Every structure is written in structure tokens, then in C-alpha cells.
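Chemist: Chains as they are written, first to last, in the working numbering: chain A, 1 to 352; chain B, 1 to 352.
To be clear, the hints were calculated from the coordinates, so they are not data collected in a lab.
Here the structure is a predicted model, which means the values were calculated and not measured.
Heads up, a few of these hints could be off.
Copies of the same chain look alike in the list, so a pair counts if it works inside one copy or between any two.
[Stated by the list, open to error] Taking lysine-lysine and the DSSO-like style, the derived pairs with C-alpha atoms no more than 27 Å apart in a straight line are:
1. Lys158 to Lys26
2. Lys342 to Lys120
3. Lys345 to Lys126
4. Lys41 to Lys235
5. Lys55 to Lys345
6. Lys126 to Lys349
7. Lys126 to Lys348
8. Lys85 to Lys126
9. Lys342 to Lys256
10. Lys342 to Lys159
11. Lys126 to Lys342
12. Lys194 to Lys55
13. Lys349 to Lys84
14. Lys342 to Lys89
Each chain is listed here by its residues.
There are 2 protein chains.
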Amino acid sequence: MQNVKIAIWGFGAMGQGMARALLGRKGIEITGICGRGNNGKSMCEVLGIDCGDHKKVIITDDVDVAIPPKSADLVILATDSFTKKAYPKLENLIEKGVNVITIAEEMSWTWAGEPELAQKLDVLAKQNGVSVLGTGINPGLVMDLLAVILSACMIDVKKVTCRRVNSLSPFGPTVMEEQGVGITPQVFAEKNAKGELAGHVGFAESIGMIAAGMGLEIDEFTQQMQPILTEVDRKSPYGFAAAGTLAGVNMTAQGKRDGETIIDMYHPQQIEPQMAGVDTGDYVVLEGTPPVNMQITPEIEGGLGTIAMAVNCIPQVINADAGLISMLDIPVPRVIMGDYRKLIKEGKKIAQ
Amino acid sequence: MQNVKIAIWGFGAMGQGMARALLGRKGIEITGICGRGNNGKSMCEVLGIDCGDHKKVIITDDVDVAIPPKSADLVILATDSFTKKAYPKLENLIEKGVNVITIAEEMSWTWAGEPELAQKLDVLAKQNGVSVLGTGINPGLVMDLLAVILSACMIDVKKVTCRRVNSLSPFGPTVMEEQGVGITPQVFAEKNAKGELAGHVGFAESIGMIAAGMGLEIDEFTQQMQPILTEVDRKSPYGFAAAGTLAGVNMTAQGKRDGETIIDMYHPQQIEPQMAGVDTGDYVVLEGTPPVNMQITPEIEGGLGTIAMAVNCIPQVINADAGLISMLDIPVPRVIMGDYRKLIKEGKKIAQ
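Model the full structure from these sequences, guided by the hints.
Modeler: Structure follows, in C-alpha cells:
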């Protein structure tokens, strides 16, 4: 069988990490890279690695050059967080007859934020015989799918609590700005009122996925953003928070039924959390029979985790029935240390 | 749509727990119970519960009476640990045209212990248009599927270590005997040499599932059973271990490549572990990029966990393509708090 052919749209830290991961795997060929800022350069030159026998791939900002119709079995879209912004790109790809994985957070459970676009994408994907999946580390795994799979050992679930306590220190200047690192409480209040701080994108999606997966009925969704003020100066490679300013933000959300919280989410994000005595980790607590109390310490590294989720779900998405799908529809995702070609079902290959 | 119709073969602690769980759920009807020892009694009488509107089900030891052809959408087989012993029963059910979930440990990855029977079951299931799944808490989730799904956030995996440290105290006299609780080291040595102690059944299956799931190549499988001697008297509802005798057994196993352990399993099982200062829990450590260090404390309760895994996988097995399948083939298992009928795909209903 021919190599599984993958193209990547978006060649920032995520897209580059995916290319690097895929080049280290078996049975994969990268057919095109669409990205801004490196026009005309070769993929391996930008990655700074020796690509050996791999065909030379020239980065272009013209998607029709990078990804002709049916030129790939699947395209990873790594450009946006929001469904609305990703939508025209998804339309372009679906009409080219290729399967798509996107790391747009809202696309992990598109039905939560954009039910109409979800419906349109589903119809379009079915018309074109391809499948479209949103995934990532969070949403996509730690605050949703992991709770879902842990519930499989339970007879009943009364309440789901997910906590992701992570460090923003490894992240770059964009994240520092989106999370308000270093701003004063006054500036935070202003920006928050104007909706200028992204905070975490994905609570509505995670809660939607958990509720649908477990069959928990939810009639209300709420979320909050609070400043995390630091009492001491904190410094990370790309961030600085003086004492009295924000080290980050504390994001919380609730899925409720009749006013009672059934799904409870805590996601404080800050630089240098250990300076406030905070240990990082991912936690899932399921109340019910039997109870489940899980922790992962330290937290799963977000950047690498998202890159891995995308490249590891490729076979499941190529093999899936056509349509807009979610992590609830596909067989358990897993690392792929073997040959991708062995994992593709007969008749599912697109690119020749 | 009609209720999803389920029959149960084997009405001991597991079968009874499954019936109880299913009666508490929506869109389910129990159509038959095949079991020994309660012949002629009604299911709800044996369960000691009020079954409300549910049709009366009389327990019989004649499987052809309990489960006529196509009388159920799925049968849960809760009678055996070993594939060879379960095989004739599976054959009977498959030829009746019903889907099957079994909690026989060896059936969680039948290809490890009985590749020829696996092949026969797969062919037979395909001929009859039904699917057959082996599952349970372990094998089935904590020492295999959970490691597999956690690896989804990784770019590469170098080593997998699973530890399940559990208490045997909740279990009955059969388990006490199978695990050697209370016997002397001399008796242990004799019984172990003769293969009379079951210990844990499922290491070969868990390692097989992990290796296949992640694409890790393994060329050797080894396992060991060692006595856990107690320094003080320990007493549980059904077990007693005097000082100097066995509180249980320490089961270990390794999946190796070129002599190096790639998959490492630890499963000490004993009564009253806290008397030796042992905290129970389930642990998965994945070495690689990024590393994952997971713990569930205390351990997931085995009996309830196995009951739940069986009843929660019903929709996935009914919906699956025909054949012998595994936990790697189906969408992520999860608790079902909603209506089973909404989860069955069109055309997959068997019993009318």
C-alpha cells in the first residue's frame, strides 16, 4: 500500500510540531504545507532537520497549490480556535475531497457553540464522502474524553469534576497576552468586560461532550474568568508578572441541571505556579458507584499533547464514516508507533 | 423503537450485578436468564428487588429455553475465565444470531492465548452477522485500555508500566482459594508448581492489547507469581491469613523486545493491604514524550467495575461490524445514564 498522505494547513508551533512528529513515523508522507511567513522555503529547512528520502515540500500560502483536490488522505488544520473562523477553510478542504482533523477548540464539540455550522459541515462532509474531527489535549482529552472513558467502569455517575492545573511558563508571547499575564487587576477588569481576554476556549465543548457521552442531562451552562494575582514577582521565558499583577487567570465552568452543578470544571492557568505553592496536574473525580479519583501529575504538557492527539487520530478519521464526527465516535485514540499503512481500512485511501 | 433486549448467561455475583444495573437503566428489557442453582425462581425474587413493570423472567439452566434464537439483541456471558471453557457457549450464542459480551478474562484479547479459537470465533460471528467482545475491569480497562488512551497524547512511547494494587477483602471464598489466602509458603510452592493457583488471569491479554494498540513490537512474554507473606494476622469477611502465611499473591508480567522490558505489569493482590502499610491504587506510567504519570486512588473496585464495563459496552457491540472484536475496535466506552434505545444504530436491532 502507498504511504498515508497528509497535508498541513497552518505552520506555526503546532503545525511544525505535527510535521516533525509525522516525519518520525512509518508509512506517512507529507504532501503539502500551507502556511504564512515561510513562503517558498522548504518544510525541512524551516524545521531544521534532515528529511532524508522524503520528497521536498515547498511551503506556500496558496492552499490550492499546497493541497490540490484528493492530493492527501487527510489534512490537519492548525490555524484557528473558533469554528466560525475555521469554517471557510473547512469548506475548502471538504470540497477537495479530503478528510480533516482540526485543533480548533470549538470544533471538538461543534454542536455546543455553532450548531448550525455543525449541521452544514456534517451535510457537506457526507456529500463529499469525508470525515471531519476536532481534537486536541483540552478540549479533546484531559477535561472530557478521559472523564468519559473512566465512567465506563461505573454503574451510575452523579457528578463529574475535572481540574486542569497547568503552567503557562512554556508558552510564547501570544498566550501571555491572551491570558493576561502581567496586567493589573484594573486592566483585567476592563479587558474582561470587553471580552478581550481569550482565557480557556473549550469549556462549553468539554461539558457538551461529557453530557452527551454519559447521557447526563444538562439545562444550563455557565463559565467565569477570575484573575490570579501574584504576591511575588514571577518570570517565565516569555512572561513577567510583578507582585500585585496577574500571573494568569482562573477559568471555571459548570454544567447544571435544575440549578445543581453536575459537571464542574476548574482550569487555573498561570506562569510559574510553583512560586505560589501550586502543584500542577490533571484531575478527574467521578462521584457515583464505584467512585473514581484520578490524577495525572504533573499535568500533560499541552503543546506536545495537542500535536500528538492530532497525528494519532489520523487512522480513525480516515476510517470513519463520512460526516462531522467527535472523539466519542471513533475507536479509542492511541499513540502510533507502528506503520500507519497497516491501520487504514480497505477502500478508505483517497490519495493515489 | 423497542427496548434493547438483553439476556444473561451466568447468574452468580457478576450476572446478578449486571441484571440489577440493567434494571435501573432506560430502554432495556431483560429477556432471559440462564443460570444454575436458582432454577424456576424469578429473576427479581433472586435479586430481592421489586421489578415494577418488567416482564417476569424465570431463571432456567437450559440455555435454549432462556435464550431462543434472535430473542435478544445481546447476551452477556458471565460464566468463565478461559476461552476454551467459554468457547462452546459462545458458539451456541453466535449460532443463535445474537451479539455477545463476555467477561472471560482471556477473551479480552483472545489472540494472545487462543489464536485458533479467536480465528474460529471471528469467522463464525461474521457468518452469523453478530459481534463478540471480551471486556471487564482488568483485563479490559485499568491495565490496558487506560494505558492505550493515555498514550494518545504522546509523540512516542518508550515504556509502559501498569500497577494495580488492590484489596481482596471484598471478595468471597472462591477468590480466597484461587489467590492462596491463608496457605503456608510450603503449600503455595506445591500448588504453584502444579498450577493450582489461578492468581490473575489476563496479563498476556493486557500486554497483547497494549502492544497491538500502540504498535509496540514485543517478542517475548513472561509472568511470575510470588507469595505475599503477612507478618501479622489479617482477617477479611471471607479470608484469614495468620502471621507467616499468604495474605495473597504478587503477580508480575513483562512484555519484552530483544530482552528489554517494554511493557511492565505489577498486580499484587492481598486481603487487608493497609495492615502492611500498602495503599491501594491503579497506576499507569508512560515513559516517552511527553511523559504521563497517572494514578487512581483507591483502586477501581473490581467487581462493580467489571459489571459496569459489561453493561456499558452494550451499544458499541450491537453497533459494531460483525466479528470477534476488542476494546480497541469500539468507540470509547462510557457510562450510560440515558436511554439505550437512542444509542442503537439503524438496522442493528436484532430482537423484535
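Chemist: When Cα atoms must be at most 27 Å apart, do Lys342 and Lys89 count as within-copy, between-copy, both, or neither?
Modeler: neither (30 Å within a copy, 33 Å between copies)
Chemist: Could you figure out if Lys342 and Lys159 sit no more than 27 Å apart (CA to CA) within one copy, between two copies, both or neither?
Modeler: Answer is between; shortest inter-copy Cα gap is 22 Å, intra-copy 40 Å.
Chemist: Please work out whether the CA atoms of Lys158 and Lys26 approach to 27 Å or closer within one copy, between two copies, in both situations, or in neither?
Modeler: between (43 Å within a copy, 16 Å between copies)
Chemist: With identical chains treated as interchangeable, where does the CA-CA distance between Lys342 and Lys120 reach 27 Å or less: within a copy, between copies, both, or neither?
Modeler: between (32 Å within a copy, 23 Å between copies)
Chemist: Evaluate Lys194 and Lys55 at a C-alpha cut-off of 27 Å and name the case that applies: within, between, both or neither.
Modeler: neither (48 Å within a copy, 60 Å between copies)
Chemist: Evaluate Lys41 and Lys235 at a C-alpha cut-off of 27 Å and name the case that applies: within, between, both or neither.
Modeler: Result: close neither inside a copy nor across copies, 34 Å intra and 72 Å inter.
Chemist: Is it within, between, both, or neither for Lys55 and Lys345, if the alpha carbons may be no more than 27 Å apart?
Modeler: Result: close within a single copy only, 25 Å intra versus 43 Å inter.
Chemist: Between Lys349 and Lys84, at a C-alpha cutoff of 27 Å, which is it: within one copy, between copies, both, or neither?
Modeler: neither (29 Å within a copy, 38 Å between copies)
Chemist: Measure nothing new, just compare the shortest in-copy and cross-copy C-alpha distances for Lys126 and Lys348 to 27 Å and report within, between, both or neither.
Modeler: Classified as both: same-chain Cα gap 14 Å, cross-chain 21 Å, threshold 27 Å.
Chemist: Within, between, both or neither: how does the pair Lys342, Lys256 come out at a Cα-Cα threshold of 27 Å?
Modeler: This pair counts as between: shortest inter-copy Cα distance 22 Å, intra-copy 44 Å.
Chemist: Within a copy, between copies, both or neither: which one fits Lys126 and Lys349 at a CA-CA cutoff of 27 Å?
Modeler: both (16 Å within a copy, 24 Å between copies)
Chemist: As a check of your reading, is Lys85 near Lys126 (CA-CA no more than 27 Å) within one copy, between copies, both or neither?
Modeler: Answer is within: at 21 Å inside a copy they meet the 27 Å cutoff, but 45 Å across does not.
In terms of the numbered hints stated before, the structure departs from hints 4, 12, 13 and 14, listed from lowest to highest.
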